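For the record, the sequence lines run as chains A, B and C. The first sequence begins at 1 in this note's numbering and counts up by one. The second sequence begins at 1 in this note's numbering and counts up by one. The third sequence begins at 1 in this note's numbering and counts up by one.
Read the hints as simulated data drawn from the structure, not as lab findings. A quick note: this is a predicted structure, and the numbers were derived from the prediction, not measured. There may be inaccurate statements among the hints.
[What the hints assert, rightly or not] Here are a few chain A residues that sit away from chain C, every Cβ distance over 10 Å (derived from the structure):
(1) Lys-156
(2) Arg-203
(3) Gln-207
(4) Glu-245
[To be verified] When the alpha-carbon atoms are kept at most 30 Å apart in a straight line, the in silico DSS-like pairs for lysine-lysine are as follows:
(5) A/Lys-191 / C/Lys-211
(6) A/Lys-12 / C/Lys-168
(7) A/Lys-191 / A/Lys-206
(8) C/Lys-211 / A/Lys-13
(9) A/Lys-206 / C/Lys-211
(10) A/Lys-191 / A/Lys-159
(11) A/Lys-13 / C/Lys-322
Here a beta-carbon is modelled for each residue, glycine too, at the ideal position from N, C-alpha and C.
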Amino acid sequence: MNLPPPIHALEKKHLLSISDLSVPEIEGIFQTAESFLDLSSRSVRKVPSLRGRIIVNLFYEASTRTRTSFEIAGKRLSADVINITTTQSSVVKGESLLDTVRTIEALGADGIVIRHSSSGVPQWISSQVNCHVINAGDGLREHPTQALLDLFTIQKRKKRLSGLTVAIVGDVLHSRVARSNIAAMQMMGMKVRVVGPPTLIPREAKQWGIDVFHSLRDGLEQVDVIMLLRLQLERQASGFIPSIEEYSRLFGLSPEKLSWAAPDAIVLHPGPVNRGIEIQGEEMFSERSAVLDQVHHGVAVRMAILYLLMAGGRPEEENRAPA
Amino acid sequence: MSPQGGLRVLMDSGQIGRTIRRMAHEILEHNQGTKNLCLVGILQGGAILSQRIGAVIESIEGIAPPMGTLDITLYRDDLAIRAAPPFLRESNIPFSIDDSRIVLVDDVLYTGRTVRCALDFLMDLGRPSSVQLAVLIDRGHRELPIRADIVGKSIPTSRQEKVRVLLEENNESVTLVRMSS
Amino acid sequence: MHQREQRGSFLLRNVRMFDPVQKVDQTGDILVMDGRVRAFGVVEELPPSVPVIEGNRGLLVPGFVDVHAHFREPGFEYKETIETGSRAAVSGGFTSVCVMANTNPVNDHPGVTREMIRKANEVGLCRIFPIGAVSIGLKGETLSEMVSLSEAGCVAFSDDGLPVRTAKLMRRALEYSIMTGLPVIDHCEDRDLSDGGVMNEGWVSTTLGLKGIPNASEDVVIARDIEVLRLTGGHLHIAHLSTEGGVRLVRQAKKDGLPVTAETCPHYFSLTDECVRHHHTNAKMNPPLRQEADRKAVIEGLADGTIDMIATDHAPHASHEKEREFDQAPFGIIGLETAFSLGYGLVERGDLSLERLICLMSNNPAHHFSLPVGEIRVGGLADFALLDLSRRQTVQNDFFRSKSRNSPFLGSVIGGEVQKTFMDGRLVFDRMQDKEVER
Numbered sequence: 001m002n003l004p005p006p007i008h009a010l011e012k013k014h015l016l017s018i019s020d021l022s023v024p025e026i027e028g029i030f031q032t033a034e035s036f037l038d039l040s041s042r043s044v045r046k047v048p049s050l051r052g053r054i055i056v057n058l059f060y061e062a063s064t065r066t067r068t069s070f071e072i073a074g075k076r077l078s079a080d081v082i083n084i085t086t087t088q089s090s091v092v093k094g095e096s097l098l099d100t101v102r103t104i105e106a107l108g109a110d111g112i113v114i115r116h117s118s119s120g121v122p123q124w125i126s127s128q129v130n131c132h133v134i135n136a137g138d139g140l141r142e143h144p145t146q147a148l149l150d151l152f153t154i155q156k157r158k159k160r161l162s163g164l165t166v167a168i169v170g171d172v173l174h175s176r177v178a179r180s181n182i183a184a185m186q187m188m189g190m191k192v193r194v195v196g197p198p199t200l201i202p203r204e205a206k207q208w209g210i211d212v213f214h215s216l217r218d219g220l221e222q223v224d225v226i227m228l229l230r231l232q233l234e235r236q237a238s239g240f241i242p243s244i245e246e247y248s249r250l251f252g253l254s255p256e257k258l259s260w261a262a263p264d265a266i267v268l269h270p271g272p273v274n275r276g277i278e279i280q281g282e283e284m285f286s287e288r289s290a291v292l293d294q295v296h297h298g299v300a301v302r303m304a305i306l307y308l309l310m311a312g313g314r315p316e317e318e319n320r321a322p323a
Numbered sequence: 001m002s003p004q005g006g007l008r009v010l011m012d013s014g015q016i017g018r019t020i021r022r023m024a025h026e027i028l029e030h031n032q033g034t035k036n037l038c039l040v041g042i043l044q045g046g047a048i049l050s051q052r053i054g055a056v057i058e059s060i061e062g063i064a065p066p067m068g069t070l071d072i073t074l075y076r077d078d079l080a081i082r083a084a085p086p087f088l089r090e091s092n093i094p095f096s097i098d099d100s101r102i103v104l105v106d107d108v109l110y111t112g113r114t115v116r117c118a119l120d121f122l123m124d125l126g127r128p129s130s131v132q133l134a135v136l137i138d139r140g141h142r143e144l145p146i147r148a149d150i151v152g153k154s155i156p157t158s159r160q161e162k163v164r165v166l167l168e169e170n171n172e173s174v175t176l177v178r179m180s181s
Numbered sequence: 001m002h003q004r005e006q007r008g009s010f011l012l013r014n015v016r017m018f019d020p021v022q023k024v025d026q027t028g029d030i031l032v033m034d035g036r037v038r039a040f041g042v043v044e045e046l047p048p049s050v051p052v053i054e055g056n057r058g059l060l061v062p063g064f065v066d067v068h069a070h071f072r073e074p075g076f077e078y079k080e081t082i083e084t085g086s087r088a089a090v091s092g093g094f095t096s097v098c099v100m101a102n103t104n105p106v107n108d109h110p111g112v113t114r115e116m117i118r119k120a121n122e123v124g125l126c127r128i129f130p131i132g133a134v135s136i137g138l139k140g141e142t143l144s145e146m147v148s149l150s151e152a153g154c155v156a157f158s159d160d161g162l163p164v165r166t167a168k169l170m171r172r173a174l175e176y177s178i179m180t181g182l183p184v185i186d187h188c189e190d191r192d193l194s195d196g197g198v199m200n201e202g203w204v205s206t207t208l209g210l211k212g213i214p215n216a217s218e219d220v221v222i223a224r225d226i227e228v229l230r231l232t233g234g235h236l237h238i239a240h241l242s243t244e245g246g247v248r249l250v251r252q253a254k255k256d257g258l259p260v261t262a263e264t265c266p267h268y269f270s271l272t273d274e275c276v277r278h279h280h281t282n283a284k285m286n287p288p289l290r291q292e293a294d295r296k297a298v299i300e301g302l303a304d305g306t307i308d309m310i311a312t313d314h315a316p317h318a319s320h321e322k323e324r325e326f327d328q329a330p331f332g333i334i335g336l337e338t339a340f341s342l343g344y345g346l347v348e349r350g351d352l353s354l355e356r357l358i359c360l361m362s363n364n365p366a367h368h369f370s371l372p373v374g375e376i377r378v379g380g381l382a383d384f385a386l387l388d389l390s391r392r393q394t395v396q397n398d399f400f401r402s403k404s405r406n407s408p409f410l411g412s413v414i415g416g417e418v419q420k421t422f423m424d425g426r427l428v429f430d431r432m433q434d435k436e437v438e439r
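Extracted from the complex, chain A is given alone in its bound form:
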């Protein structure tokens, strides 16, 4: 029989950072995600693997996409998913993050998916609780599930990762998506460059072992993958760029500028896209855009992560004899 090679189980409790993962583990996540992909074409788009488990989406930052994606992923695995966002929790009553997290755990959560504007929060709370902690984006630090779904999308499109050249374009300085992607892409053997104005590229960027470009034309030359980052419009107000218009003219992608890249280059964007700023005339190259694939794959990748982290024995039951 033609069985795929065995995938690598995730022998860890939390997913906090890309650097927590090994290459075989990332491949294992992708292989597992693959089996979840066709779930969306079924009549009942649900499997019972996490039945009875409680996952709390604890979001201290507005994020419709990531929260919804995690919510759908959890629900498709039959977990009970509870969303807590800053506006409705006791956060507004001044409860500290630590108290909130401990309360959620005491209420019986098996996993906490956390998004927070302060870098390092998932690492910190994972040391304070016994349940699984999954980083859904912390400050400027990491967004590991986004990087994994980006790589999964690239692999589906390009049939490989190793050897590809990718240009990450835009506000690298303030981007956790960029940080996680740079780490993951380098692990998977991709060549990474970053492109943007010097005010939005960390001074130390070259220490990542990547190339830095301040010209989009030079930066796109020969690249297989273009990853556009979202430009937070308040960067203009805080003086990182003189105007949105000039940014868009210099670093926004258009059909013409796309032709500077390799002929079969694909375009990714973590969303939500500022149309007309990061991308102009996307309808002209929609077949090269993988933006909707990213959304679709996001659910499968997050299901794979939830399944691999949480479907096994509950931490306190790990030593129980198998039935």
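Starting from the known structure of chain A, arrange chains B and C on it as the hints suggest.
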């Protein structure tokens, strides 16, 4: 655990071939032909068996029924008490199961839990008009109210024994292995 | 609390007396009468009823002087009080502490100064010298009444916690302070350039995704202050120097003969920003822990005289304030209890001589801030620390006397231990007895 006290061969290649042919005939007889008939093998043991049965049906009727495989891992009831989640294999049902007559195929029927998983899985995929169960070996010890419609061979066993089914080319056998615990 | 008895007397036997400025290094006894040194070396007369204390061949040095601490009283007594701060100080061998003005109310009024001094006298463990605010309410607008503050007992001026806001204010402060003869201390930071940063800007901040404070943020204000000083005269004192560039600027200013002094803190010569990866918010202070080149430059500055003194920037914060998101936790760590041992670490590693370390912690700060302490001489004030250099200990929670525990050195093994501390001729800290009390 390790095999102890040797192996007892229950079926050899010839017997297996004859049994599979009889099972194919029985399936056709039950369903009065191949209309809407689909074979679904439960991974891993049921996959090859369903292909073998399908091939016999094709040789008899001239057309092969649609065939698929199910990995029931995600439906297991013991996930939470296993240390790590098991690997997933690819389920592949390349046809609509609505209004089809599904024959679930597995090599060994034991507690019935695997079949329960497969039934739940099938119901999540659509609404078949009927589901039948075909197994090569029924070894008893059911834990759920499940029985097979088509049975290759019923073999009384003890819980300390293991039934090993090999259906590889040039290496076919059904053996009973006594395990020491 | 009862009023402590004033001005003690004792005979301390069998110690090595060590004062690099007075050129004292001899083993023997020291007699203290009514808070002042009567005689040392071979003490022949022993007046009746003077208690005798055994020194066990410990090293007796002038009590340490900290020109930069936050005792939080009035206003933030949940972090520290003058009493708990004093306990922390004497357990670290400090007998004189200059306390910063960022209390609530701010020490910008003689009434606040007098109240701090009254409270310190009531506690009676160490000498407390208030530092007055440069500007009213630390707002960086109106000069405080420096002369009145000085008359009330302030020994320097600083808006610490914040920089002196503008070059113009710094000019006026330095000029006006000439009437008092007291130093103007600046926390040198261009807060625009820091732009909400929470740790040193560099590779570590880049990988941790934390907003950085560049070295330039400190250096540009040091450069500004030095140029203003060139214009005005007065006494400029640079607080918590942490950068290579800052050391270079101060070194050049001294070469130019400008009246500038500088301090650094133990954490800047002991740790780097790598520490933020592990120690979480207890590695968060301002200026932030810098990089190895800066740490080395600071040590060099200590050794070659560019940096005049070691201060602690003792900044207590309650655990509920520190146990939170890194970027939202307050800046600051406590330092009084660990300062000597960390300085002694430099001596053990051969970076500093013991003479230089004692100068940096006792003689120099007393001298530059015109405090009547920091020496062992006949007739001098009897403020001493008795040290056992052979001891090593692991820093644990019970090592601290401060009300707070925000130290990045928790869990570290440090060498050199303060055995006893004397202030005004009284034994104000005894590690042996203290342990028994703790039990």
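Quiz item: Hey, A/Lys-191 versus A/Lys-159, does the alpha-carbon distance stay inside 30 Å?
Solution: 16 Å, holds
Quiz item: Taking 30 Å as the top limit, are the C-alpha atoms of A/Lys-206 and C/Lys-211 close enough?
Solution: Holds, at roughly 18 Å.
Self-check item: Exclusion check [A/Glu-245 not at the chain C interface, CB over 10 Å]
Solution: 24 Å, holds
Exercise. Could you grab the alpha-carbon distance between A/Lys-191 and A/Lys-206 and see if it respects the 30 Å cut-off?
Key: 13 Å, holds
Quiz item: Just checking, A/Gln-207 versus chain C, shortest CB gap more than 10 Å?
Solution: Nearest chain C Cβ is 5 Å from A/Gln-207, so the label is violated.
Practice problem: Decide if the proposed pair is consistent with the structure: A/Lys-12 and C/Lys-168, CA atoms, cutoff 30 Å inclusive. | Solution: 58 Å, violated
Quiz item: Straight-line Cα separation of C/Lys-211 and A/Lys-13 no greater than 30 Å?
Solution: Judged against 30 Å, a Cα distance of about 29 Å means the pair holds.
Quiz item: Given the hinted pair A/Lys-191 and C/Lys-211, is their alpha-carbon gap at most 30 Å?
Solution: 26 Å, holds
Quiz item: For A/Arg-203, which was marked as not at the interface, is the minimum beta-carbon distance to chain C over 10 Å?
Solution: Incorrect as stated: the minimum Cβ-Cβ distance to chain C is 7 Å, not above 10 Å.
Exercise. Find the nearest Cβ of chain C to the Cβ of A/Lys-156 and say whether that gap is larger than 10 Å.
Key: 28 Å, holds
Quiz item: Within a Cα-Cα threshold of 30 Å, do A/Lys-13 and C/Lys-322 meet the stated pairing?
Solution: With a Cα-Cα distance of about 26 Å, the restraint between A/Lys-13 and C/Lys-322 holds, given a limit of 30 Å.
When each numbered hint is compared with the structure, violations occur for hints 2, 3 and 6.
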